[in-house]
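Generate coordinates for the entire structure from the input sequences, incorporating the hints supplied.
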Amino acid sequence: MTPLDKTSKIDKRKRRSQFIAFTLFKLMSYSVVAMLILILGFITTKGIGVINWEFLTTAPQEGMTKGGIYPAIIGTLVLVLGSSLFSFPIGIMSGIYMNEYATNSKLAAFIRVMTNNLSGVPSVVFGLFGMALFVNTMGFGDSILAGSLTLGLLSLPLVIRTTEESLKAIDFSFREGSLALGATKLQTIRKVILPMAFPNIITGLILSIGRVSGETAPILFTVAAYFLPKLPHSIFDQVMALPYHLYVISTSGTDIEASRGIAYGTALVLIAIVLIVNLLANFLRTFFSKRVKMN
Amino acid sequence: MLTVEAKNVDFYYSDFHALKNISLEVEKNKVVAFIGPSGCGKSTFLRILNRMNDLIDGTRMTGSVLIEGEDIYAPNVRVDELRKKVGMVFQKPNPFPKTIFENIAYGLRVNGIKDNSFIEQRVEESLKSAALWDEVKDKLKKSAFALSGGQQQRLCIARALAISPKVVLMDEPASALDPISTAKIEELIYELKKDYTIIIVTHNMQQASRVSDKTAYFYLGELIEYDDTTKIFTNPQKESTQNYITGRFG
Amino acid sequence: MKRFLEKLAEGALLLSGSITSITILLIVLFLFKEASGLFRSPVIEEGYVIALNKANTVKSLSSYEIKEIFDGEISNWAELGGKDEAIEVVRLSDLTNYYTEEELGAEFENIPAKASELTASHPGIVLFLPKQYLAKKFDGITLDKETIHPGDFFGGKEWYPTASPSAQFGLLPLLLGTLWVSLGAILLSLPFGIAVAVYLAEIATMRVRNILKPIIELLAGIPSVVYGFFGLVVLVPFLQKIFQLPVGETALAGSVVLAIMALPTIITVAEDAMRTTPRAMKEASLALGATHWQTIYKVIIPYSKSGITSAAVLGIGRAIGETMAVLMVTGNAAVIPHTLLEPVRTIPATIAAELGEAASGSAHYQALFALGCILFLITMVLSISVEFISKKQK
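Chains as they are written, first to last, in my numbering: chain A, 30 to 324; chain B, 681 to 930; chain C, 824 to 1217.
Honestly, the hints are just simulated from the structure, not real lab data.
Owing to the predicted nature of the structure, the values given are computational and were not obtained by experimental measurement.
Note that the Cβ used here is the ideal one computed from N, Cα and C, for glycine as well.
Among the clues, some could well be false.
[To be verified] Each computed DSS-like pair below joins lysine-lysine, with the alpha-carbon atoms no more than 30 Å apart:
| hint | chain 1 | residue 1 | chain 2 | residue 2 |
| --- | --- | --- | --- | --- |
| 1 | B | K874 | B | K911 |
| 2 | B | K846 | B | K765 |
| 3 | B | K708 | B | K874 |
| 4 | B | K821 | B | K765 |
| 5 | B | K918 | B | K708 |
| 6 | C | K882 | C | K960 |
| 7 | B | K778 | C | K960 |
| 8 | B | K794 | C | K1105 |
| 9 | B | K708 | B | K778 |
| 10 | B | K821 | B | K864 |
| 11 | C | K882 | B | K846 |
| 12 | B | K817 | C | K1105 |
| 13 | B | K778 | B | K821 |
| 14 | B | K765 | A | K41 |
| 15 | C | K1215 | B | K819 |
| 16 | B | K772 | B | K846 |
| 17 | B | K778 | C | K1105 |
| 18 | B | K846 | B | K873 |
| 19 | A | K214 | A | K197 |
| 20 | A | K43 | B | K822 |
| 21 | B | K710 | C | K1105 |
| 22 | B | K808 | B | K778 |
| 23 | B | K687 | B | K911 |
| 24 | A | K197 | C | K1215 |
| 25 | A | K214 | C | K830 |
| 26 | B | K817 | B | K772 |
| 27 | B | K687 | B | K778 |
| 28 | C | K1121 | B | K822 |
| 29 | B | K687 | C | K1105 |
| 30 | B | K821 | C | K1105 |
| 31 | A | K135 | C | K1214 |
| 32 | B | K772 | C | K830 |
| 33 | A | K135 | C | K960 |
| 34 | B | K819 | C | K1121 |
[Unchecked claim] Heads up, incomplete: computed chain B residues facing chain C, CB under 10 Å, no partners named:
| hint | residue |
| --- | --- |
| 35 | R758 |
| 36 | V759 |
| 37 | K765 |
| 38 | V769 |
| 39 | N774 |
| 40 | C836 |
See below:
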């Protein structure tokens, strides 16, 4: 009789420890889901009553305790647009460079490290930097221009990585096929590779919009206005923005208690933006992957 | 005495009917070779014998498989107990990123054995059975990755033997190895047959004819022919078998 | 022509490719330029001067020492390495204790002369005076060239930028506050993150996974200000109630909110790492009679440990740099924390809360940039260590 012949008791024990561990992991995973439902559910139930057409289309009134959040919505849209105009073209071009041109060089490795580092830089540091460079040194002042550029820099690593990964997913044989027909490298990228990578890139870009629309710290000192009921006329104007507005009315508004309702409404609008952006991205992902399957 | 007894086994990967009504018996202390072209189902059938296919999502099996008279697909069967009885060696050597000693000891430890002197004794016995002891006895504490490919595969065989299985399944164990290592593995299989029942999947017909007592030929998910190895290679009953072993396709 | 355009486009791509590197360089340049100004700023409030008796052997005072003197915590020059002489603090308004209003003059025109005289006659004096009242031939030592010492910043135990006569820019309470809150966050979120990662990578069925993954993505997408708001209206009152606290805005509230926010990062990175475990390794373990759980903790987790470490480091990085949520729930008291149930103030929250009030170019403004540098350096070190860990894995 060797110890190997009497392992059946141990078998029972090891199966019990598996059962305990797996049950625990399952419970912990579901508690993460429960947490999300709690957050979303709480803000939705408190905020849904506040949201109506008037709330979305009028300016704050009476020290931001009444009225709507129209200027903040417009401000956030303007900032998203402004930052995208900056970060999308440069980010995509940068991603193309990284994946198609600089695959193995020391320079590429350096750039990759720098991109990773930039994505780790806290958003408040972007705020400081944007203030020092765009607001003060370049003299843009607190403006849409300064805020958009700051937000654009912040979202660059995300855009670059998305582009790079979308390009990486395309098999090398497609490049060889095009090059073998006498196309230049640039033509190959423009006519073959980019169109194929387009669906994934778009999905990534949409997710980056979600991120930008919720950022507060980078716009605190570069563009965001505490209270500004009128809409901007030029890129050198300040604007209100949804996340900053939520911060203001929930911590330092004129009357925090009276503004609570509006705060819930604003939080719900912010969550709705994230939800829509995520759903859209998921929808596009499945839509495009189905189309690829059909081909 | 029958060690393995499969009856009317059908197997599906979602919609794909991978094995069609396979029935096959293996006697104790024999070596059986599974041959056939790629995708014929021989590896799938091998993995049915230790329920390794359970790991793949969307698979389904009907029929029954008895090992030493016990139905291994019965609802009360514990797969970890089954796999202790039915060891497996894979196509590519897959040692753990641990020391040579710990690789062999792994199977004993996960089965709850804590007696260190027993573990040491088993490690030595298994390495000797796998004809690896003399090469590694001075470097048991070194990483298993420091060994050559052939040595790694014999380490994996020793690892499978350490928990004293009744059956050893080998899925093309020499396909990733050089000819000398392959010869060593074949020699080893011949030795091991004294103590174990061995089922080996192979692409290499010479190998099948050299090491096995019986050979099963699979084609398109069906068991075409199963007989003594000498008979299969000298006087096959089916034309398909004849074509395959004479190299007309495959 | 075609070749030329091709070259041009390649140039443009290279330029775009280097944008992140340029940005990092510019961040370093601007942050450190502004921050270094802090150590050229006077210790004493702008436009003021501190004067001592000529015979005083103490020739310079640090920001912290000035504060201690004016708070009455230091009352003898011997404590500062000088002679055994009581310290006599005199502010402009205190001059009337020594001189009549007539002596000082109807238009205070005699103040410079009298201040000089007072300083000369009192060996233990510390006179705090607006520069305009400083006599041309002042009979004493003036400390107006004194600048903020790096020790005042890096070793300073108090952050009190509006203190008079000497603002306190001590890094320690903020740094400890940041580390305290982040440590709490990571201790809460790491076990959860790894458990969920294991569940997703190994245990959950495809269908469950397809439901859980988008939920975790959503959790990552919620803006930090919404987490802060949720923390403020739900978590803070809750903590106040169950721990019977005077205020619910505490380090713990910050840690909990940050833990939730760091979860998606930890889960995603750890899960990806576990998925890289070769299938062969997993099958080998199962084929030896190991249970799935034994395979997970004996093979998969050891194999992916550098990925799990990266996940933890990235989670810490996310927690340390997080601004708005922390600003809203931690109470922002700039004191060195002792328990998780006290209000604390973190570096990012300080920058966000105070930069709006700090005049551009002032010492306060520069001190906030110095905080930004510290934050930048911490996250840089974390990013590089992740780089290093994942390189080692390969």
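Taking the hints in turn, this is what the structure says about them:
{"no.": "1", "hint": "B:K874 <-> B:K911", "verdict": "holds (22 Å)"}
{"no.": "2", "hint": "B:K846 <-> B:K765", "verdict": "holds (5 Å)"}
{"no.": "3", "hint": "B:K708 <-> B:K874", "verdict": "holds (10 Å)"}
{"no.": "4", "hint": "B:K821 <-> B:K765", "verdict": "holds (27 Å)"}
{"no.": "5", "hint": "B:K918 <-> B:K708", "verdict": "holds (27 Å)"}
{"no.": "6", "hint": "C:K882 <-> C:K960", "verdict": "holds (19 Å)"}
{"no.": "7", "hint": "B:K778 <-> C:K960", "verdict": "violated (81 Å)"}
{"no.": "8", "hint": "B:K794 <-> C:K1105", "verdict": "holds (22 Å)"}
{"no.": "9", "hint": "B:K708 <-> B:K778", "verdict": "violated (33 Å)"}
{"no.": "10", "hint": "B:K821 <-> B:K864", "verdict": "holds (24 Å)"}
{"no.": "11", "hint": "C:K882 <-> B:K846", "verdict": "violated (90 Å)"}
{"no.": "12", "hint": "B:K817 <-> C:K1105", "verdict": "holds (27 Å)"}
{"no.": "13", "hint": "B:K778 <-> B:K821", "verdict": "holds (9 Å)"}
{"no.": "14", "hint": "B:K765 <-> A:K41", "verdict": "holds (16 Å)"}
{"no.": "15", "hint": "C:K1215 <-> B:K819", "verdict": "holds (25 Å)"}
{"no.": "16", "hint": "B:K772 <-> B:K846", "verdict": "holds (22 Å)"}
{"no.": "17", "hint": "B:K778 <-> C:K1105", "verdict": "holds (14 Å)"}
{"no.": "18", "hint": "B:K846 <-> B:K873", "verdict": "holds (11 Å)"}
{"no.": "19", "hint": "A:K214 <-> A:K197", "verdict": "holds (16 Å)"}
{"no.": "20", "hint": "A:K43 <-> B:K822", "verdict": "holds (29 Å)"}
{"no.": "21", "hint": "B:K710 <-> C:K1105", "verdict": "holds (29 Å)"}
{"no.": "22", "hint": "B:K808 <-> B:K778", "verdict": "holds (20 Å)"}
{"no.": "23", "hint": "B:K687 <-> B:K911", "verdict": "holds (23 Å)"}
{"no.": "24", "hint": "A:K197 <-> C:K1215", "verdict": "holds (23 Å)"}
{"no.": "25", "hint": "A:K214 <-> C:K830", "verdict": "holds (11 Å)"}
{"no.": "26", "hint": "B:K817 <-> B:K772", "verdict": "holds (23 Å)"}
{"no.": "27", "hint": "B:K687 <-> B:K778", "verdict": "violated (40 Å)"}
{"no.": "28", "hint": "C:K1121 <-> B:K822", "verdict": "holds (18 Å)"}
{"no.": "29", "hint": "B:K687 <-> C:K1105", "verdict": "holds (29 Å)"}
{"no.": "30", "hint": "B:K821 <-> C:K1105", "verdict": "holds (22 Å)"}
{"no.": "31", "hint": "A:K135 <-> C:K1214", "verdict": "holds (15 Å)"}
{"no.": "32", "hint": "B:K772 <-> C:K830", "verdict": "violated (47 Å)"}
{"no.": "33", "hint": "A:K135 <-> C:K960", "verdict": "violated (64 Å)"}
{"no.": "34", "hint": "B:K819 <-> C:K1121", "verdict": "holds (22 Å)"}
{"no.": "35", "hint": "R758", "verdict": "holds (9 Å)"}
{"no.": "36", "hint": "V759", "verdict": "holds (8 Å)"}
{"no.": "37", "hint": "K765", "verdict": "holds (8 Å)"}
{"no.": "38", "hint": "V769", "verdict": "holds (8 Å)"}
{"no.": "39", "hint": "N774", "verdict": "holds (4 Å)"}
{"no.": "40", "hint": "C836", "verdict": "holds (7 Å)"}
In this structure, the hints that do not hold are numbers 7, 9, 11, 27, 32, 33, in rising order.
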